Amino acid sequence: MDEGTATPNAADEADLVARLKAGNEEAYEQFVRENIGRMLAVARRMLRKEADAHDAVQDAFLSAYKAIDRFEGGSKLSTWLHRILVNAALMKIRSAKRRKNEVSIEDLLPRYRDDGHQIDPPTGWEHTAEAAAQNREVRELVRASIDRLPETHRTVLLLRDIEQLSTEEAAQQLEVSTNVIKTRLHRARQALKTLLDPHLSGHGA
Amino acid sequence: MNCQEFIDFIMAYLDGELPDESRIVFRQHLDLCPPCEQYLDGYVKAVELGKRCTEGASLPADVPDALVDAILKARRAAES
Chain W
1 MDEGTATPNA
11 ADEADLVARL
21 KAGNEEAYEQ
31 FVRENIGRML
41 AVARRMLRKE
51 ADAHDAVQDA
61 FLSAYKAIDR
71 FEGGSKLSTW
81 LHRILVNAAL
91 MKIRSAKRRK
101 NEVSIEDLLP
111 RYRDDGHQID
121 PPTGWEHTAE
131 AAAQNREVRE
141 LVRASIDRLP
151 ETHRTVLLLR
161 DIEQLSTEEA
171 AQQLEVSTNV
181 IKTRLHRARQ
191 ALKTLLDPHL
201 SGHGA
Chain H
1 MNCQEFIDFI
11 MAYLDGELPD
21 ESRIVFRQHL
31 DLCPPCEQYL
41 DGYVKAVELG
51 KRCTEGASLP
61 ADVPDALVDA
71 ILKARRAAES
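In the order they appear, the protein sequences are chains W and H.
For the first sequence, our numbering begins at 1 and goes up steadily by one.
For the second sequence, our numbering begins at 1 and goes up steadily by one.
Quick caveat, the hints were computed from the structure, so don't treat them as lab data.
Among these hints, one or two may not hold up.
With a straight-line Cα cutoff of 25 Å, these simulated DSS-like cross-link-like pairs (lysine-lysine) come out [unchecked claim]:
| # | chain 1 | residue 1 | chain 2 | residue 2 |
| --- | --- | --- | --- | --- |
| 1 | H | K51 | W | K92 |
| 2 | W | K66 | W | K92 |
| 3 | W | K182 | W | K92 |
| 4 | W | K76 | W | K66 |
| 5 | H | K73 | W | K21 |
| 6 | H | K73 | W | K92 |
| 7 | W | K49 | W | K76 |
| 8 | W | K66 | H | K73 |
| 9 | H | K51 | W | K66 |
| 10 | W | K21 | W | K76 |
| 11 | H | K51 | W | K76 |
| 12 | W | K21 | W | K66 |
| 13 | W | K182 | H | K51 |
| 14 | H | K51 | W | K49 |
Just a sample of chain W residues kept apart from chain H, beta carbon distances all over 10 Å, derived [unchecked claim]:
| # | residue |
| --- | --- |
| 15 | A18 |
| 16 | K49 |
| 17 | G73 |
| 18 | K76 |
| 19 | S95 |
| 20 | S104 |
Predicted model, so just to flag it, every value in this text is computed and none were measured.
Think of the CB as a built atom: it goes at the ideal place given N, C-alpha and C, for glycine as much as any other residue.
Hey, can you work out the whole structure from these sequences and the hints?
Here it is, written out as structure tokens:
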């Protein structure tokens, strides 16, 4: 997850971790200031309400502070922190109420005739993903479409495709089997495609 | 393999998880069925778009000072 800010070298990071473990207040402030920009961006990606994103970031920093003695340096500090934040954001998602505009996943999957052929064969998308993503309206449409997915499926798509967790990590975070993650991810991607189809096929984008 | 089975197998195919035999049958269906070829193309693009269109939002965000203060305060409260 290298996203923008300067990456500290290993020696600097080991020094920071040592000072954090010693309970140094300045070290904690440095740790917060160096990471909070990325943390807030991730929290906003996962949570719809700004207040929830703030809460998740705050919870994550406090959890990281309390758990710093268990950080062994096997991964980068920023990667470790990212996992803690994802966990904090998931707790927020779980406690949130179901949304009213949520669509049913079944309504977004392909429909088949008895012989297994598609009832509504797709028309091709005119542009490459790279070209379509240049268009601001398309970017907003894609983000809005991800938000319309049922929460259980949106969460898996976010963890796997956007936050780049492995199938095993996502399964661990959500306390489900790896097969459940695979099924939900495949359905979430199909549903996203269905939501984008009318806008991007043929004359779209 | 029919279209439904083809679409069910797309993710495993893309992840390289289909056994050799199934992959050959998958490829045969792909060569013979334009709607499934288009479906696969749209699926791959949807995944790619999902990634690309959230990337811009992954740049470090402007952070309100109040949030930084709240976080530093929360640690001090946890200490005492």
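The hints, checked one at a time:
1. H:K51 x W:K92: Holds - the C-alpha atoms of K92 of chain W and K51 of chain H are around 23 Å apart, at most 25 Å.
2. W:K66 x W:K92: Holds, at roughly 19 Å.
3. W:K182 x W:K92: Holds - the C-alpha atoms of K92 of chain W and K182 of chain W are around 23 Å apart, at most 25 Å.
4. W:K76 x W:K66: holds, 17 Å
5. H:K73 x W:K21: holds, 18 Å
6. H:K73 x W:K92: Cα-Cα ~21 Å, so holds.
7. W:K49 x W:K76: Roughly 29 Å separates the two Cα atoms, so the pair is violated.
8. W:K66 x H:K73: Satisfied, since the Cα-Cα distance of roughly 14 Å is no more than 25 Å.
9. H:K51 x W:K66: Measuring from Cα to Cα gives roughly 32 Å; hence the hint is violated.
10. W:K21 x W:K76: Measuring from Cα to Cα gives roughly 16 Å; hence the hint holds.
11. H:K51 x W:K76: Measuring from Cα to Cα gives roughly 23 Å; hence the hint holds.
12. W:K21 x W:K66: The hint holds at about 9 Å.
13. W:K182 x H:K51: This hinted pair holds, its Cα atoms lying about 17 Å apart.
14. H:K51 x W:K49: holds, 21 Å
15. A18: A18 of chain W clear of chain H: closest Cβ-Cβ about 17 Å, beyond 10 Å.
16. K49: holds, 14 Å
17. G73: holds, 21 Å
18. K76: holds, 16 Å
19. S95: holds, 19 Å
20. S104: holds, 18 Å
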